[in-house]
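Participant: Sequence:
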Amino acid sequence: MVSGIKLDLGSWLAKEFVKCHISDLEFDECVRSGLQSAIPQLATGIPSLGLHKMDPLRISRLGIDQGTPSIKLKLNFKDLDIINMRSLIIKKAIYDPVNFSMSIESEAQQPIVLQGLYEMNGQILVLPIIGNGQCKISLENFKLTGILQMTQTLKNGSIFLEVQDLSWKFTTSRIHIRFDNLFNGNKALGNHMNIFLNENWQELFDEMQSAFEQALSSAFIGIIQKFFNQVPLKQIFND
717 MVSGIKLDLG SWLAKEFVKC HISDLEFDEC VRSGLQSAIP QLATGIPSLG LHKMDPLRIS
777 RLGIDQGTPS IKLKLNFKDL DIINMRSLII KKAIYDPVNF SMSIESEAQQ PIVLQGLYEM
837 NGQILVLPII GNGQCKISLE NFKLTGILQM TQTLKNGSIF LEVQDLSWKF TTSRIHIRFD
897 NLFNGNKALG NHMNIFLNEN WQELFDEMQS AFEQALSSAF IGIIQKFFNQ VPLKQIFND
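When we follow this note's numbering, the leftmost residue of the sequence shown carries the number 717, and every step to the right adds one.
Where hints are given, some of them may not hold.
Here are the simulated distance ranges between beta carbons [stated by the list, open to error]:
(1) Glu823 x Glu915: 21 to 29 Å
(2) Asn907 x Pro763: 37 to 45 Å
(3) Ile846 x Lys808: 41 to 49 Å
(4) Ile937 x Glu823: 16 to 24 Å
(5) Pro844 x Pro763: 40 to 48 Å
FYI, nobody ran anything at the bench for these hints, they're computed from the structure. This one's a predicted model, so the numbers in the text were calculated from it and none came from an experiment. All C-beta atoms in this analysis are idealised placements derived from N, C-alpha and C, irrespective of residue type, glycine included.
Work out the full structure: start from the sequences and follow the hints.
Facilitator: Okay, here's the thing in structure tokens:
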């Protein structure tokens, strides 16, 4: 049976958060189910912990500067909303209490949608591209695996976790892309480019996946650290 106790730290922790005991034979399942049960609350936000809602998850700025033989592109997003994060299913979560690391495998039940403002200039698969305006990128059958590396730090007499690195990989079976106002509003050129991007989505994904993962990792580290700043280690995991 999975162990757990209720915590008295903010309204959400008091009602929803379950502490997992490292000595429990079902510790990994406790961690997985605990993360899964937290997703609906994280999606709507936890004001008592200073956490904004995560669905949609607003990223104020996200930049990608890609320079490969196939893609030479500067792409900047502004006020980018990531939608349907609440549909994530945690398939596996393993926490290493010695090295303070956690590996996670998850998949989304709904397409993950990125929607916001963009500005880009460069070359994609030998074709020049320039534009700014609204964009929408939808990823079907989204799967995410990641490793969160942490360390412990002493603050006000209590031990807290501090994020050192977040590395992850995501896969998708199909990407749908739409960039508005390409080529200074030339609709004919813009429509042709959007068709080209959707027909060649796999090549585009292969070239830009690593840069995009790194950019999102930086954004998510700040969000995760906000939670860890509020909750001492002993109130998350216990022997």
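Participant: Compare the structure with each hint and give your call.
Facilitator: Hints versus structure:
1. Between Glu823 and Glu915 the CB atoms are about 26 Å apart, so this pair conforms to the stated range of 21 to 29 Å.
2. The given range of 37 to 45 Å is respected by Asn907 and Pro763, whose C-beta atoms sit roughly 43 Å from each other.
3. At about 42 Å, the beta-carbon gap between Ile846 and Lys808 stays in the expected band of 41 to 49 Å.
4. A C-beta distance of roughly 22 Å is found between Ile937 and Glu823, which places it inside the suggested range of 16 to 24 Å.
5. For the hinted restraint 40 to 48 Å between Pro844 and Pro763, the CB-CB distance of approximately 46 Å keeps it satisfied.
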